[in-house]
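K.L.:
The primary structure of each chain is shown beneath.
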Amino acid sequence: MTDGHPVEDKSHFHGVWVFLEHRKLGLRDVSAQLIGEGRRLADLRGTTLTGVLPGHGVDDLARHAIGYGLDRVIVVDDPILETYASRPYSQVMAQLIRRHKPEIVLYGASKNGRDLGGRLHAILETGLAADCVKFDVDAEGNLDMIRPSFGGKSLAHILCKKHRPQMASVRRNVFVAPPHDPTRTGEVVRETVTLTPADVDAALLEFEEFTKEGGLQPEQADIVVSGGYGLGDSKNFAMLQELADLLGGAVAASRKAVDSGWVPKMIQVGQTGMTVRPKLYIAVGISGAVQHLAGMQESDKIVVINLDPKAPLFEIADYGIVGDLFEVVPEMIRQLRALRATGAFVPQAVPAAAR
Amino acid sequence: MDPVTQTLKRVGVPSEINPPDANALEMALQLKDRLGTEVVVLSMGPTSFDESLERAVAMGADRSVLLTDRILGGSDTVPTAYALSETIQKIGGYDLLLCGEETTDASTGHVGPGIAGHLDVPQITYASEIRIVDGKVRARRTAEDGTEWWETTMPCLCTVNFGCNRPREPTLTGKIRVKRGGLVTHWSCADVGIDPKKVGLFNSPTIVAKVDTVRLPSRSGQIFSGEPEESVRKLLASLVADRVIGA
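From first to last, the protein sequence lines stand for chains E and S.
The numbering used here numbers the first residue of the first sequence as 9 and each following residue consecutively.
The numbering used here numbers the first residue of the second sequence as 257 and each following residue consecutively.
Derived from the structure by calculation, the hints contain no laboratory data.
From a predicted model like this one, the values you see are computed outputs, not experimental measurements.
Mixed in with the good hints there might be a few duds.
[Claimed, not checked] As a list, the in silico DSSO-like pairs of lysine-lysine whose alpha-carbon atoms are at most 27 Å apart: (1) S/K392 to S/K288; (2) E/K309 to S/K490; (3) S/K453 to E/K170; (4) E/K287 to E/K119; (5) E/K170 to S/K466; (6) E/K142 to S/K466; (7) S/K453 to E/K109; (8) E/K264 to E/K318; (9) E/K119 to S/K392.
For reference, chain E alone in the conformation it holds in the complex:
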């Protein structure tokens, strides 16, 4: 089988790149996590790791990013690039990629990462594998891009053999950010890219940051209490919130609960939602489709509460309770309250440092 017409001799392409995402001069978590994996791939390929940072006034951010393991950062500084915008950013990336010919470019599978990667891969006519969970390098030196397959029941190995760069996106929390080394040295290279006012084809009129008052987000929480189809109604999520509050955790949900309209998609865990890796994941009334596993199987401890002893999620449980969630969850709340009332017990995640 052949796949695709080669655009250009792939031996001309060298180096691993990571697109560095930022907001308000802060590096996004997913970018730090990608630097760690990019470092591993660059070492495997015996090449360099470059961060690409379009922005405005981002030199400090570039130097900070090096501390996660970059060899160099390409900074493109222009007031037009202060905040992410589809066309200017894709212009910058397309020009830099054509100029330097990296063999691999990694993006966060965030809203902006998909917005950029989707536009860019069509412009560059090269492959882009979404939501990769693992990478490898094959015998011919191609990037083996591993992602949940369409049905979610298996992992597909995606290759982009004849086109370069090989591009892939990765969700937040799939990889763990490497420790930051402020003494690490690397090069900050300032490059210019042709941008005209015509490239500003859309204006950001307003940005309203989500307040944290909506409660702790599942992606940040040490303990996640997640509800599925077994909850039966949106009002029953109040019970999970109560349990989460007692534990200092956050509430999440399976796709079935979201599709049923009980809770917003923002808290969906799984292949088409977010990936979490908390210290404790409590799955309540979730049978455990493989798509759901994709979003939580890296949790340190998994507790499953389900009426059906054959629920697939029990297979990856550290602890499980077979029982009616409408009896089990209130009982958990009752016992946790009682434990807390003794004063000797704070029912929250044990800090990592204490373990």
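Given chain E's structure and the hints, the job is docking chain S onto it.
P.N.:
Same frame as chain E, now just chain S:
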């Protein structure tokens, strides 16, 4: 504003519109309700998709176009975005292209922005609300950390947030329009002028080299059953003993 072209991406189940695309269609129909514009539905795939395209017309779309050709089979997102872009240009006269944010099967979300890249038009992704103000498009975009309001000129492309509205049911008059026929057009690649060397499995940059079954990490798997009070007591004791909770 006339007409609105609506792209429906691949439909996983023949009789069902990809749910995010149904939200995009509803968004288009709401704009039609307010502004009286034309809504054209576009999809690419086998003729079994007709059922979905007819449903879209019965919901209120003016007409549908299906790009259908054996040589398109196995196309990844690069040829798909290319072929849809060519078809959109053949339909012509569009102001606003709406796509679902992603398919619920492959869920890449790459085709919408890919079309915008091919056509070189502005894009706003993950829009949950779209207004036409002074001939411009204003869209509310949901990012991970907040809500953005973007404004851009037409023609442009927006991808629509999954679940941002409730797609309407087909109407009786809509069904009658479908019965009369002639509102679903089939085009081949040759009809559109799509380069056969740029589409299909063999002209896609990516291939699926192999598929592994998922091996789940083994866990200790202590399962408690019986009286909830006793089960919960054992569970909490285990979590405390493991130093997962408690301090």
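K.L.:
Now tell me, hint by hint, if it's right for this structure.
P.N.:
Going down the list of hints, with the structure as the test:
1. For the given pair, S/K392 sits about 16 Å from S/K288 by alpha-carbon distance, which is consistent with the 27 Å threshold.
2. The suggested pairing of E/K309 with S/K490 holds, with an alpha-carbon distance near 15 Å, which does not exceed 27 Å.
3. Taking the CA atoms of S/K453 and E/K170, the gap is near 15 Å; set against the 27 Å cutoff, the hint holds.
4. A threshold of 27 Å between alpha carbons decides the hint, and for E/K287 with E/K119 the separation of about 26 Å falls inside it, so the pair holds.
5. Our distance criterion of 27 Å between C-alpha atoms is met by E/K170 and S/K466, whose separation comes to about 17 Å.
6. The suggested pairing of E/K142 with S/K466 holds, with an alpha-carbon distance near 14 Å, which does not exceed 27 Å.
7. At most 27 Å may separate the alpha-carbon atoms for a hinted pair to count; S/K453 and E/K109 meet this at roughly 24 Å.
8. Between E/K264 and E/K318 the alpha-carbon distance is near 18 Å, which keeps this suggested pair within the 27 Å criterion.
9. For the hint pairing E/K119 with S/K392, the CA-to-CA distance comes to about 23 Å; that is within 27 Å, so the pair holds.
In this structure, none of the earlier numbered hints is contradicted; all agree with it.
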